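The whole structure should be built from the sequences, with the hints applied where relevant.
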Amino acid sequence: MYLNPIVKKDIKVQSRSMRICWGIFAYELILALVFFLAMSIIQGNSRYSSGNIYSAMVWLYPVLAVTQLIILGLVVPVKTASSISGEKERQTFDIMMTTGMSPFSVIMGKVMTAIVQGMFFVAASMPVMALTFIIGGMSWAYLFWFLGIALLVSLFSASIGILCSSLCKRSISAVIMSYVFYLAFFLGTTVLPIVAGGVAANMRFMLGSVPKAFAMFGDNILLFLMLNPAVYLIEYFAWVMAGESLVSNMSLFSTQGVQVRGPVNLLTTGFWWLICSTVLFVGISFLFLWLASKRIDPIRGYSSSSRRQGRKGR
Amino acid sequence: MLQISNLYKSYGKFQAVNNLTLHIPKGDLFGFVGPNGAGKTTTIRMVCGLMLPNSGHIAINGIDALARQKEIKRQIGYVPDFFGVYDNLKVREYMDFYGSMYRMDSREIQRISDDLLDLVNLSDKKEAFVDTLSRGMKQRLCVARALIHNPALLVLDEPNSGLDPRARVEMKELLQNLRSMGKTIVISSHILSELSEMCNSIGIMNHGSLVEAGRIEDVLEGVLGSNQLVITLDEGRETALRIVSEYVGVELDSAGEHEIRLTHNMTKPQIARMVGEMIAGGVVVTGFHKQEGDLETLFMRVTGDGQ
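These protein sequence lines map, in sequence, to chains H and B.
Numbering (the numbering used here) for the first sequence: 32 to 345.
Numbering (the numbering used here) for the second sequence: 209 to 515.
Quick caveat, the hints were computed from the structure, so don't treat them as lab data.
Possibly wrong hints are sitting among the right ones.
As the list claims (entries may be wrong) - Below, a list of computed lysine-lysine pairs in the DSBU-like style, where the Cα atoms sit at most 35 Å apart: (1) B:K334 x B:K234; (2) H:K200 x B:K221; (3) B:K278 x H:K39.
This structure is a prediction, so every number in the text was calculated from the model and none was measured.
Right, dumping it as structure tokens:
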């Protein structure tokens, strides 16, 4: 089986460093602290209620899972943001680009390394996570769902990091740019529907109704939230813990008297929101990876027509 | 082997490479020389597919280097002027990493890397970490790495910069060995004496243009000519200079206190007569000999401003 040589080399090199041991130690420590904090809150609440403490422990699952996903979302971009720029700083990048590997393979190698490392962390957290399944009564299937989401968060974060790494010469600039990019992505997809809803409410207040040209978008503007990482996680945990959809309860235009038609009505029913959102995140991640590979290709300006002419000239 | 035609590259208004046309035959050890900023590294980077030219054509073994990058990467081994290493990677693993980048299987990599490490005298360092090697060893390892996929063309950009004299000699021997194995080697360097010892052909770049190229002997003769005479003397400098000026077809290159250098087109009897006249005129001639051209003189001549 062919294993990307960059993954093999990077994992080997980084496994020999103490940094990864300290990283896992810090990760476990944070999870343990969160676990004990959540336990003490659950215990404190159970004193004043007639509820069973064991059923309350189900809430350890989202607490620990969200903690882990936040850590992954913060750590993985750092790993990939320093990967390409790190090779440039180390002056190994040129050699890499003269080897038989294509720019996309190089990018994939770096991303896969970051994802594998992220999965090391997730695997190391399994003993703590398992407690929620053993004493919390959660279904084991949710553990695999969590692994899938951890993989998705790692892929998305890694793709943002690697794109920024391909754009910057220095690692530190790439790391900062990744976080800014992440924040802009999160805020952009949050603010747009809120602003649209606010404008609709103001129009209704001032004009008595929402203009048709504006209302035609209807609640479909909520579809932007599909690209919001926080909404994705909230939607997932709402579905797992309560079997509900948060987005289906959200409304911007329908409360303004506008009849809403369109995909949002279909997608907020049941499981489809998560499916579509997942597909979008995967698609955007691969778009970022493709852009990064184009960015590091030293002969990217050489047109495909010129390449075809070169082939014909054989 | 390597054919470059009408290559142009500019950085903004600065023309780094200007209409470069060059042919390097198979099996040559070609020295690329020129002052800083002459365009050597830019040319090398374009040949290795690390940079796109503004226009022009590069072919290696008849294959278009820009259009068929995948095939070309298998034909080229590149050694940059400075290369970094990965911490915590052993010499064996370093070779294995680059071998697998060419999709070679592990047994093949092991066999070839054993041979190459033997060739570069690093067999006993297989289990050593790369970052613990000396600079000379790292440079030789980089050459071994560049050969892992058995490329037809090896391109080295200033491989001797920062090396101590012993490491330079080892590098020179290594390159000569590789040439005897039939590899075509392009090497850029500032150390002209070393290039003249190991290369069989050279190209001199200046201000982005190739000013001279060809077999070293041909280039030396073409630029410096083969008729340079050095006359050393103790006394009678003025008389000697007067006699020299009386001869047609003699051009004075330099006139020191005890040494006169001149370029001429005289026959041997004419030279003997001129020297005889000097002696008869009271000039104390302590010696005279034909000046062999050297790369330093050639370099200064062709890259000197206004010459």
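Hints, verified against the model:
1. B:K334 x B:K234: Holds, at roughly 32 Å.
2. H:K200 x B:K221: Given pair K200 (chain H), K221 (chain B) holds - Cα atoms ~23 Å apart, limit 35 Å.
3. B:K278 x H:K39: 22 Å, holds
The structure is consistent with each of the numbered hints, conforming to all of them.
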